[in-house]
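Q: Each chain is listed here by its residues.
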Amino acid sequence: MSPELEVELKRSAPAPGAMAIPSLSRRGWNAALEIALYCFITMLVAIVEFYAGGFPGPSNWLIGLVIYALWSLNAFRRSTTPSAAFVQLAVVDESNVAASFGRMVLRTVARGTVLYALPILVFANNQIVWIAMFAAAAASVAFMERGRAPWDLIAGTTMVESYGSEATESTGPLRLSDLRVDGLRQRQNQRAARMLQFAGWGAIIVSLLIVWVVASEAFTFITDDDFSWSLLNVEGDRRGWFPRRNFYDIPTLLVGTLWVTGIAMVIAGPVGLGAAIYLSEYAKPKVRRIVKPVIETLASVPSVVIGMFAIFFISPSVLTLFFDDIGSFSVLAAGIGVGILTIPLVASISEDALRAVPMELRQAAYGLGSRKITVALRVVFPAALSGISAAFIVGISRAIGETMVVAIAAGGSGGTLFELNPTEDGQTITAAMASLGAGTDQVAGSGIAFQSLYFLGAMLFLITLILNVFSDAIVRRFREAY
Amino acid sequence: MVAITTELRDQLRLRRSADTSGQIFRGLLMLALLVAFASLLAMILTALTRSWPILSDRPLDFLFSNTSQNPDEAGVFQGIKGSVMLAAISSLVAFPVGIGGAIYLEEYAGDSRFSRLVQVLVRNLAGVPSIVYGLLGLAIFVQNLGGITGGRSVISGGLTLACLVLPVVIITTQEAIRAVPSELRQAGYGIGATQWEVIRSVVLPSAAPGILTGTVLSVARAVGEAAPILVVGAVSGFFQTGTLSFLEQTQSFFTALPMQIFAFTKQPAQTWGAHAAGASVAILLVVVALNSVAIWMRARLDQKLRK
Chain A
1 MSPELEVELK
11 RSAPAPGAMA
21 IPSLSRRGWN
31 AALEIALYCF
41 ITMLVAIVEF
51 YAGGFPGPSN
61 WLIGLVIYAL
71 WSLNAFRRST
81 TPSAAFVQLA
91 VVDESNVAAS
101 FGRMVLRTVA
111 RGTVLYALPI
121 LVFANNQIVW
131 IAMFAAAAAS
141 VAFMERGRAP
151 WDLIAGTTMV
161 ESYGSEATES
171 TGPLRLSDLR
181 VDGLRQRQNQ
191 RAARMLQFAG
201 WGAIIVSLLI
211 VWVVASEAFT
221 FITDDDFSWS
231 LLNVEGDRRG
241 WFPRRNFYDI
251 PTLLVGTLWV
261 TGIAMVIAGP
271 VGLGAAIYLS
281 EYAKPKVRRI
291 VKPVIETLAS
301 VPSVVIGMFA
311 IFFISPSVLT
321 LFFDDIGSFS
331 VLAAGIGVGI
341 LTIPLVASIS
351 EDALRAVPME
361 LRQAAYGLGS
371 RKITVALRVV
381 FPAALSGISA
391 AFIVGISRAI
401 GETMVVAIAA
411 GGSGGTLFEL
421 NPTEDGQTIT
431 AAMASLGAGT
441 DQVAGSGIAF
451 QSLYFLGAML
461 FLITLILNVF
471 SDAIVRRFRE
481 AY
Chain B
1 MVAITTELRD
11 QLRLRRSADT
21 SGQIFRGLLM
31 LALLVAFASL
41 LAMILTALTR
51 SWPILSDRPL
61 DFLFSNTSQN
71 PDEAGVFQGI
81 KGSVMLAAIS
91 SLVAFPVGIG
101 GAIYLEEYAG
111 DSRFSRLVQV
121 LVRNLAGVPS
131 IVYGLLGLAI
141 FVQNLGGITG
151 GRSVISGGLT
161 LACLVLPVVI
171 ITTQEAIRAV
181 PSELRQAGYG
191 IGATQWEVIR
201 SVVLPSAAPG
211 ILTGTVLSVA
221 RAVGEAAPIL
231 VVGAVSGFFQ
241 TGTLSFLEQT
251 QSFFTALPMQ
261 IFAFTKQPAQ
271 TWGAHAAGAS
281 VAILLVVVAL
291 NSVAIWMRAR
301 LDQKLRK
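Listed in order, the protein sequences are those of chains A and B. Counting along the first sequence from 1, when you hit position 2 you're at 2 in this note's numbering, and nothing is skipped either side. Counting along the second sequence from 1, when you hit position 35 you're at 35 in this note's numbering, and nothing is skipped either side.
Think of the hints as simulated: they come from the structure by calculation, not from any bench. Any given hint could be a false lead.
[To be verified] Stretches of chain B that chain A covers, calculated by requiring three or more beta carbons in the stretch to come under 8 Å of a beta carbon on chain A:
id : stretch
1  : 23 to 34
2  : 202 to 215
[Claimed, not checked] A few chain A residues that face chain B, going by a derived Cβ cut-off under 7 Å, partial list only:
id : residue
3  : Arg194
4  : Gly202
5  : Ala203
6  : Tyr278
7  : Leu298
8  : Ala365
9  : Ser370
10 : Thr403
11 : Thr430
12 : Gly437
13 : Ala438
14 : Met459
15 : Leu460
Even glycine gets a Cβ: it sits at the ideal position worked out from N, Cα and C.
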C-alpha cells in the first residue's frame with residue numbers, strides 16, 4: 001500500500017460516532033425525491049380543500065406549515081441516532097462541522113419556505129407573494145451555503161435518513177444480536193406488505209366493477225317495460241339499428257362486426273404472420289434491430305389516426321381503383337384500417353411463438369439437408385402452431401373491440417339499415433356504442449336507448465372474454481410443451 | 001471426409017439460387033413486411049400532405065389556439081391540455097397501484113388462491129375492449145361519483161384511463177420483476193436484509209428499466225385512446241373554459257387530442273380535413289416520441305443484461 005493511500009484512508013475513515021456522508025448523486029436523488037413527495041402531498045391537500053369547498057379555520061398556509069412540521073418530525077423519528085436527528089440542521093460541510101445556532105434556524109426556515117413555496121406556487125391565489133417568498137428564500141439559502149452542491153441547498157429532511165446511518169465498527173465475532181432485525185425495520189417490512197396487498201386489490205376491484213356495471217345496466221335494459229325481445233331482431237324493410245326510434249336490430253351490428261373483423265384478419269393474418277416468419281427465421285440481427293422498432297411504432301399509432309388515414313387515403317386513393325361507386329365511408333375501408341392496426345399485434349405474438357421453438361429442431365432439420373423454406377414451413381411453423389393460433393384469436397378479439405377506426409371510417413353514426421354489402425355504410429357493435437356514448441346527453445332521457453349502450457357492452461365483453469380465455473388456454477398449453 | 005472446395009461451395013450456392021419456391025417464399029415474406037412498412041409510411045405522408053395548408057400557414061397558431069367554429073382560427077390547445085392532464089391523472093393513479101400490485105403478486109403472494117385469481121383477472125382485463133372501460137367510467141365516475149369528479153370532467157376521464165392502463169402496467173412490471181435473477185434476492189437475504197429492503201434496494205433497481213418501459217408505453221396508450229373518454233363525455237364540439245382556475249377546470253368540460261381528431265373527421269372534409277390531419281401529426285409526434293424512449297430504454301436494458 002502506498003503511503004499516500006494509507007494517509008488518505010486514515011483521513012477518510014470515520015471517527016466513532018461520526019456519520020457516513022452519502023455520495024453527491026445519492027444526495028441529489030434524495031433531494032429530488034423529497035421535493036416531489038412534498039409537492040405531491042401539498043397538492044393533495046389543496047385538491048381536498050378545493051373539493052371540500054375550503055377548510056374551516058386554518059388557511060392553506062397554516063396547513064403547509066403543519067405538513068412541514070409533521071414531515072420533519074417523521075424524519076427525526078426515523079433517524080437512528082439522536083445526533084443524526086439534528087444533522088439536517090447541523091451538518092455544514094463534508095467534514096461534519098456543526099453550524100452555529102443562528103444558521104441552523106435560518107436554514108430550517110429557508111428550506112421550509114422553499115419546499116412549501118414550490119407546490120403552493122401552482123395553487124395559491126396570491127401567486128406574487130409566493131413567488132417573492134420563494135425567490136427570497138432561495139437567495140438566502142444559496143447565499144448561506146455557497147460552495148455546496150446545488151441540490152444540497154434544497155434537500156431537507158430526507159438527508160437525515162441518509163446521513164443518519166452511523167458508521168459502526170464491525171470487529172470481533174458475529175453475534176446473534178447482530179443478525180436480529182430491529183423493530184423499526186420489521187415494522188417497515190410489514191407495512192410494505194400490507195400496502196402492496198392493498199394495491200393488488202386494485203385489479204380485483206376494477207374487474208368486479210366492470211362486470212357489475214355492465215351486467216346490472218344490461219339487466220335494466222332487458223327488464224324494462226318498453227323492451228321486448230322482438231326489438232332485437234326487427235324483420236321487414238325497415239330492418240336496422242336506430243336506437244332513438246327503438247329499433248335495436250342486433251343482426252345489423254353483427255353483420256358489420258363480422259365484415260370488419262373478417263376483412264381485418266384477411267389483411268392482418270397473412271401480413272402479420274409473414275412479417276413474424278421473416279423476423280424470426282430470415283432476418284439478420286442487424287435487420288431485426290431496425291425492423292422490429294418500426295413494427296412497434298405501427299403498434300403505437302392511435303386508432304383515431306388510422307381512422308383519419310382510412311377516410312383520407314384508403315377510401316379515396318385505393319378503394320376507388322377497385323370499386324366505382326364506393327362512397328368516402330364504407331365498412332370495407334374501416335375493415336382495412338382495423339387490419340393495419342392488428343398487423344403488429346399478430347406479428348409480435350406469432351414471432352414470440354416462432355422464436356420459442358427450440359434451435360435444436362431447426363438444426364436437426366438442416367442437418368438432414370432441408371432447405372430454409374422446409375425448415376420454416378414444415379418444422380418451425382407446426383411447432384409454433386398453437387402460439388400462432390393464439391395470436392390470431394387475440395387479433396380477432398382486438399378487431400372486434402376496435403372502436404374509433406370504425407366510428408370514423410364506416411359512416412352510419414346515429415343509425416344504420418341492415419346491409420350485407422361491405423362497400424356501403426355500416427356499423428359495428430363498438431361503433432354503435434361510440435355514437436350512443438357520444439350523444440349520451442340527448443339519449444339519457446329517451447326511453448331505453450341509453451341502457452342499450454350497456455347491453456351492447458355486455459355482449460362485447462362476453463365475446464372478447466370468451467376469445468381471450470380461449471387464447472389464454474392455448475398459450476398455456478403451448479408453454480408447457482417446451 | 002469431403003473437403004469443402006471452392007467447387008463444392010459454388011455448387012451449393014448454385015443450388016440455393018435454383019431453389020425457386022424458397023426464393024418465392026422469401027419474396028412473399030418480404031412483401032408482407034413491405035405492406036406493413038408501406039402503410040405506416042402512407043399514413044405519415046397522408047397526415048403531412050393533408051395538413052400542409054395548416055402546417056405551412058400557421059403551425060404554432062394551430063397548436064396554441066382554442067377550439068373555434070371558424071376553421072381559420074381553430075386550434076388544438078385545449079386538446080393538448082386535456083391529453084396532458086388525462087395522462088397525468090391516469091399515471092398518478094395507475095402507476096402506484098399497478099406497480100405495487102405487481103410487486104405484491106411477484107414477491108409476496110406466492111402461489112396463493114388470491115394471486116391466481118388476480119392473475120386471471122388481470123390477463124382478462126388486458127383484453128377487454130377499451131370502450132367497455134368507457135362504460136365503467138360513465139357509470140362509476142360520472143354518475144355515481146359525480147359529486148367529487150364533477151361529472152363529465154377530466155378527472156372522470158383520467159380515472160377511466162387509469163383503469164384501462166392498470167392491467168398493462170401490472171403485466172409489464174411483473175415481467176420486469178420476474179427477469180431479476182433470484183441470486184440477487186438471495187444475496188440480499190444473505191446479508192440480513194428484510195423482504196422489503198430486498199425489494200426496495202435490489203429487486204426494484206434492477207427491474208427499473210423494464211418497469212419504466214412499461215409505464216412509458218402505457219402513457220402512450222392513454223394519450224392515444226379516444227373510445228373510453230368519448231363515452232365518459234369529452235366534448236367533441238366547441239367550448240370555452242373562460243376564467244376558471246386550474247382546479248375548477250378539472251371539474252368542467254374537457255377534450256383531448258384524439259377526441260378532437262374524431263370531431264374534425266366528422267366535419268366536412270374540405271374545410272376541416274386539414275385540422276384532422278394536423279392534429280394527427282401532433283399526436284403521432286407525441287406517441288412516436290414516447291415509443292422511441294421506451295425502445296431506447298429496452299435496448300439499454302438488453303445491453304446491460306448481456307454484460
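Q: Hint by hint, note whether the structure agrees.
A: Each hint tested on the structure:
1. 23 to 34: holds (count 8)
2. 202 to 215: violated (count 0)
3. Arg194: Violated, about 10 Å.
4. Gly202: At about 4 Å, which falls below the 7 Å cut-off, the nearest Cβ of chain B leaves the hint on glycine 202 of chain A intact, so it holds.
5. Ala203: Holds - the Cβ of alanine 203 of chain A comes within 7 Å of chain B, reaching about 5 Å at its closest.
6. Tyr278: holds (4 Å)
7. Leu298: Hint on leucine 298 of chain A: holds, closest Cβ of chain B at ~5 Å, below 7 Å.
8. Ala365: violated (14 Å)
9. Ser370: It is violated, given that the least Cβ distance between serine 370 of chain A and chain B is near 11 Å, above 7 Å.
10. Thr403: At 4 Å from the nearest chain B Cβ, threonine 403 of chain A passes the 7 Å test, so the hint holds.
11. Thr430: holds (5 Å)
12. Gly437: Where the cut-off is 7 Å and the nearest Cβ of chain B is about 3 Å from glycine 437 of chain A, the hint holds.
13. Ala438: holds (5 Å)
14. Met459: violated (10 Å)
15. Leu460: Holds - the Cβ of leucine 460 of chain A comes within 7 Å of chain B, reaching about 6 Å at its closest.
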